[in-house]
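S.K.: Here is how the chains run, residue by residue.
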Amino acid sequence: MVAAVVTNSVFGFLRFAVMLAVIETGTRTVVGYDERQLATFVWAGQGLIGVVLLWSLPELAERIRSGDVVTDLLRPIDPVWQLLAADLGRAGYAVLTRFVVPVVVGALVFDLYAPRRPATYALFMCSILLATIVCFSCRYLVNAAAYWLLDVRGPQTAWTLTSGIFGGLNFPVWFFPHAMAIGLIVATPFPSIIQIPLDILVERGSPTVQLGLLGVQAGWVVALLTLCRWVQRRGERKLVIQGG
Amino acid sequence: MTVIEARGLRKEFAVRVKSGWLRRRTRVVAAVDGIALAVERGEMVGYIGPNGAGKSTTLKMLTGVLYPSGGQVRVCGLEPVPQRTRLARRIGVVFGQRSQLWWDLPLRDSFALLRHVYAVPATEHAGRLVHCRRLLDLDAFLDVPVRQLSLGQRMRGELTAALLHGPEVLFLDEPTLGLDVVSKQAVRAFLAALGTTGDTTIVLTTHDLADIERLCRRLVVIDQGRIVHDGSLDDLHARYGSRRRLVVDLDEPLGAELALPGVTVESMQADGRRIIYALDGSTTAGDLVSRLAEVAALRDISVREPAIEDVVARLYTRQVTP
Amino acid sequence: MASSTVLAYRHLVAAQVRSQAQYRASLAVDVTGSVLFGLLDIVSVVMLFRVTPTLGGFGFAEVFLMTALASCAFATADLVVGNVERLRQYVRSGLFDALLVRPLSSLAQLMAMDVATRRVGRVAFGVGVLVLAVAQAPVKLTPVRLALLTVTPIAGAVIFGAVFVATATVAFWWIESGEIANGLTYGGLNFTQYPITIYGALFRRLFAYAVGFAFVAYYPTLVLVDRPDPLGAPAFLGYAAPVVAVMAAVAAGLVWRTGVRHYRSTGS
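Line order of the protein sequences matches chains A, B and C.
In terms of our numbering, the first sequence opens at residue 237 and continues consecutively.
In terms of our numbering, the second sequence opens at residue 2 and continues consecutively.
In terms of our numbering, the third sequence opens at residue 1339 and continues consecutively.
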């Protein structure tokens, strides 16, 4: 865990360097972010990675491949809920550990934007919760591909790349053409994981906008969890057990 | 010619134990605590011991996978660790739990690949493969991907794979684990036949003592990192006082107890009409039967040989000084 | 003896290709996915330049060339060595022992057996992008520069490959290292895509020079577009990639050997 936090912090510096380079030649704001907001965006974003667990080891996929997953299916609770509960617990713990460190590091070295409206903090916490569930669902679906594909390296890599680029990790989604950005936020789950919580945090827009963003996340939570359960049921039926 | 020599072989692991909130003490655990072993060419040695006794660790040191912490070891005249690749060509290893075959490809392809990995001349390879195919009945599943094979089929494939390069020593780590009865018999028959040729030395670790009875003239028992017995199966029985049993069925219970040297009554059933005697050898079974016939009407008798399981169980659970 | 070893590896690679061809659904997904990945590799740069005319003192054409070089190198490394992080699984399941019992180098076996042939789409795409980048830079092609363009991605691939191997090796000490490895490898790609002028001195020294990332795209680009380094480094560094690659490979090899030694001392 220490190493993960160190890695995240190092990347904070690298990513912020890119943002600084971008803003240097602009007029001190870029697509509506000023320098301090961008700083918060990058550093809180790095902290957020550990909370939502953007990238994780495909353990479920390995269990499916080896056939161990059968023991999970024998329990009385649906595997999706089991795993979600475990993940939420982990995320709660991570908020205190993996989130705090990069933010503190960033705050010590750079000038971060602190939310002006007290309500923002509460909205941000809600948003983190929703983001965690969305990310969990996406990771779950990637792993569940193992029911059909027997080797999830492809979906895994696809997820790693797209979640970063379309989720707002490499750069804010608003760098994309405006219409495309809106499309990404509403029609794909990626921004719900990183971009939306951060946009809420840096107070990009009025409280109404913040609530609207939360609504988008909530919509994705419902859609994805439904999809997860459906995929799980289909997967159970398709179960091909490898190994002796 | 000695193919395996070990003297004072040790393997220690540092185990971190949490003592208190943050601190960790490091405890040194000796998994193998000074082993001396000498195996001659063509021998078939069974290497047994309770779980955690150090069997797998010893095997890993003999095959060059693990560095010893101390002592000397030579296999085929080579030191396993520094000369790992040279030794690898001369030994074959079968891990019961892990497959060395290519999971997604037909079994046949694994054999072909191994020919190249070990640089075996084509004719030699083909000859050995034909031999194994016949003895282990591989033709039925030679073209099936390994991941679809049953455990018994896979194990037969693993055995073949380990032998295709004509190794001088074959190490087997729990090869019959989890196999059904028919597969176990096939594997045992194969290994027994291999053993009789005298060309290959076989070292076998197992929990299945029937393997030992069937295959190994020599038995090495390891417990807590030390060898507690190294000899034949008969030696084991003699040393630990295993006894033959005579089961006697009578028409009527005995009137009086028979007192014969070395004969004890182990149990009585059916109101005394069935008596089980344990003999330690001082009195022969024949004498006992004659004496019984003099004083009672015998209905049926049977002799039970000492079970290896009993001996070994006693060995495992007793503190023994070698 | 040596030629039979090479033959052995060739067969191992061929077997891996056949293995992967077994899963037809996966194959289709991966080949199309590969092109998608190639696209994503360059999306970042394109989007950044939507909001700024220059980055670190360099214009779009130049940074695009850097990205193209970096992505091409990365895709090639991913093809050859990308699956080496499966080491984690091998160690966990004890399969690594099976490799140690064979008369071949364990690292070479790992690489041969896990060649990610399905990623070839990404490499092809990367090469296409590189051609495009060179055309629009524009780069005045001379025989020397042509040679540089061919050698640099390969050298860059070796550098990335060395990083892959070194980060995967951590699995010997610490089995849960997967997340970090992921971050380091993709972070490395990100780092090499942009001009190193944007980074502070500390990071430049650490990643650009120590790990050698600056030699993958930045310095070669300076040579190709005929531009002196704003940081004042001599021009011949643009040709230094192969040397750095060799050093990186040696370093990675040493890390690997240390890792294997550790594994063989402590078991699993």
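Simulated from the structure, these hints should not be mistaken for laboratory data.
In this text, all values refer to a predicted model and were calculated from it rather than measured experimentally.
Some clues are possibly wrong.
What the hints assert, rightly or not - Far from chain B, by Cβ distances over 12 angstroms, these chain C residues were calculated: (1) L1345; (2) A1346; (3) A1352; (4) V1384; (5) M1451; (6) V1465; (7) G1538; (8) V1563; (9) A1587.
Stated by the list, open to error - In silico contact screen, one side only, chain C against chain A (beta carbon under 8 angstroms); selected entries: (10) L1374; (11) F1375; (12) L1378; (13) I1380; (14) V1389; (15) L1393; (16) G1394; (17) F1398; (18) Q1474; (19) Y1524; (20) G1525; (21) N1528; (22) I1536.
Using N, Cα and C, we set each Cβ at its ideal position, and we do this for glycine too.
S.K.: Tell me the hint numbers this structure goes against, listed in increasing order.
M.R.: When the structure is compared with the hints, numbers 1, 2, 3, 5, 13, 17 and 18 turn out to be violated.
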